[in-house]
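With chain A held as given, fit chain B onto it using these hints.
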Amino acid sequence: MLEISQLKASVDGKQILRGIDLSVKAGEVHAIMGPNGSGKSTLSQVLAGRESYTVDGGTVTWQGQDLLQMPIEERARSGIFLAFQYPVEIPGVSNAYFLKAAVNGVRRHRGLPELDAMDFLAKVKGEMKAVGMKEEFLYRSVNEGFSGGEKKRNEVLQMSLLEPKLAILDETDSGLDIDALRIVADGINRLRSPERAMIVITHYQRLLEYIVPDFVHVLAEGRIVRSGGRELALDLEERGYGWIERAPAKGAAPAAESAR
Amino acid sequence: MSAAQPWTEAFRERAPSLAGAALPWLAETRRRALDRFVAEGWPSARSDAWRHTSLLSLEQENFVTPAAAAQPQAAERLRAVVDALREGDAGHWSVFVDGSHAPALSTPGRLPAGAEVASLARILDEAPERAEAHFGAAEDGYSPTALNTAFAADGAFVQLRRGVAVEEPIHLVFVGLTTQAAIHVRNLVVAEAGAQATIVEHHVKVHDEPLLSNVVTRIDCADDARITHLKFQQDSERAVHLARIEARQARGSMFASHSLSFGARLARNDIVTRFDGTGCETLLNGLYHVDGKRHVDHHTVIDHAEPHGTSREFYRGILDEAGRGVFAGRIVVAPGALRTDAIQRTDNLLLSRQAEADARPELEIYADDVKCAHGATVGRIDESALFYLRSRGIDEERSRNLLTWAFAAESLSRIGIASLQRRARSALLGRLPGGAALARALEELG
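These protein sequence lines are chains A and B, in that order. First residue of the first sequence: 1, per this note's numbering; consecutive thereafter. First residue of the second sequence: 261, per this note's numbering; consecutive thereafter.
One chain only, chain A, in its complex shape (with noise of 0.2 Å):
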């Protein structure tokens, strides 16, 4: 689905990245763990498609295509959703307009008919319910004044709206409290499915006892150090990251090495 290769990338001259290979399939969840300052949202950011990063090299290939040459629109029409770590505020903007643009641009895309706003609304209020957010989140600006759980739940929401084939988790549980971290990772576990891969990035474990992943890689310096079972994250949660740092790189290794 996912073939990351070589991705090197850099943002104002200096090298982030420096030369990722992963390879994600349908139905498979990624954890990629690694310290502050690792590269760690430089990879979703570059796979979403920002542009103040300078891809220096690699190749990205997505459902056979070349997803570094696609636009950031595109990217998102054909399947890829990232959940930011600070979702924007957009004053002016109604969550309302903003979801339905969103959910009829993927729609249009895919063939489907667009939603009208009735449809819309009833759509969205449902899934607006199993992730906890009162329908008056709609009628307010994108993000505006939204504390730290109720981005967090707007990124899930939009996240169940559009359906994405693969679903890219950048530090999701960062500011949530337990039971917030409890209600996003239930909208995220509900989206699990054998058609739909998902990498879920995070700096802690606690986020993996609710969303466990098949497969958990660790970055340090812009490199994959270690690639093992989610056994991997209990040995981070439990020794940090040093050990990791201190020890020589190594490409991607296969799950079975790492395992303790």
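What the hints contain is simulated information worked out from the structure, not anything from laboratory work. This one's a predicted model, so the numbers in the text were calculated from it and none came from an experiment. Be aware that a few hints might be false.
Said to hold, decoys possible - Just a sample of chain B residues kept apart from chain A, beta carbon distances all over 12 Å, derived:
hint, residue
1, Asp295
2, Lys553
3, Leu646
4, Leu680
To be verified - Between beta-carbon pairs, the in silico distance windows are:
hint, chain 1, residue 1, chain 2, residue 2, range
5, B, Ala582, A, Glu209, 41 to 51 Å
6, B, Arg422, A, Tyr86, 50 to 60 Å
7, B, Glu497, A, Lys129, 48 to 58 Å
8, A, Lys134, B, Glu656, 27 to 37 Å
9, A, Tyr86, B, Ser686, 32 to 42 Å
10, B, Ala582, A, Glu221, 14 to 24 Å
Glycine included, each C-beta is placed from N, C-alpha and C at the ideal position.
Relative to the frame of chain A, chain B by itself:
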């Protein structure tokens, strides 16, 4: 030949037939105003208040003074313009063509007892004592205001007796018909204690020819009066629009001004209010859009002359192509004006590399125990917001249009009256790229 000579000649010719010409106080005021204009001429960049907006080019232009009677052959076109504007609204509508009241086009509706909307020319002819104290002086404003004072003989005279509240907005429509006309309109709003009304000036075009529209609107708010003034400036793109909106506020009064400047080649708005009593409130809200080589300038003065006054001031500009926007906001807090609370903000969105914005706050604070804050920004479309929208599958062009609209929406949200907010919205969307599609979608979601 002096640059002012055409005006002196026009004055010699017109003055005897202007409404109220026989009133000594008015004849004297007009004569002194003309003398002042002749002495000062059009403002140039040499004067600090006109640094970015010189009117010297007007010296080169020959304006005509339109005849008072509307041309009958234009009646149908005018009727169509007014009807399109009214959108079937039954409220209070007064229409002025080339600066003169056009009763045949006006539908003043039924006003509550104690509220009156009349032609200023008629008041000057029939009951000039009612206008005298409110008319203004030769010294008011800058030289274009003096020119207005010399020539203006008509406009709206709105009087609201003590405690009268007019529910529906009072609409005043100004249409310039004669090509190259110099139109001098004077509106007087006299709100007695506790009176409330919303006055809307529509400046609309019936053709794309050049003209000069020079409007002075004076608003007197007695104790506890609440007056909202809203101006839709949608003049011809070859017109020059000059406006002075001057309020005087007595104790506990509220004045709100919304200036929506979407038309004209060059528009200059001087919006001024003075607190003559304690506990006054004012809101100055403005939104402008310029493209091509158009130019818009807002100069405001809020004079906190008395204590416990609150002022809020928000101007936003959308500047496209080689458009230019100027804002200068002066806030004066007089000695003893304790507990003054003033906030001023101006934000400009540049949509092109050639567009330019100048913003200048001027705070003169002579009192202690006051809260005054100001801020100015000039920027482009926010890249993170653009990325966020596009990452949800909304294409780039539509995302940009949406963010441009959102920037303006904040200004529109301050217009408290739903029907006027809707008008402002459709006027703006009529100008913005992708506006028609946005309008449909917004309508649908309510």
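Verification of the hints:
1. Every beta carbon of chain A lies more than 12 Å from that of Asp295 of chain B, the smallest distance being close to 49 Å; the non-interface claim holds.
2. In this structure Lys553 of chain B is separated from chain A by more than 12 Å, as the shortest Cβ-Cβ distance comes to about 28 Å.
3. Non-interface status of Leu646 of chain B relative to chain A is broken: a Cβ of that chain comes within 12 Å, the nearest being about 9 Å off.
4. No Cβ of chain A comes within 12 Å of the Cβ of Leu680 of chain B; the nearest lies about 18 Å off, and the non-interface call holds.
5. Taking 41 to 51 Å as the suggested C-beta distance range, the pair Ala582 of chain B and Glu209 of chain A does not conform, at roughly 58 Å.
6. Restraint check, Arg422 of chain B to Tyr86 of chain A: a C-beta distance of roughly 55 Å satisfies the suggested window 50 to 60 Å.
7. At roughly 50 Å, the beta-carbon separation of Glu497 of chain B and Lys129 of chain A lies within the given 48 to 58 Å, and the hint holds.
8. Remark: the range hint 27 to 37 Å for Lys134 of chain A to Glu656 of chain B is upheld by a beta-carbon distance near 32 Å.
9. Look at Tyr86 of chain A against Ser686 of chain B: about 35 Å separates their beta carbons, and that is inside 32 to 42 Å.
10. Range check, Ala582 of chain B to Glu221 of chain A: Cβ separation about 48 Å, and the 14 to 24 Å hint is violated.
Violated hints, listed in ascending order, are 3, 5, 10; each of the other numbered hints is respected by the structure.
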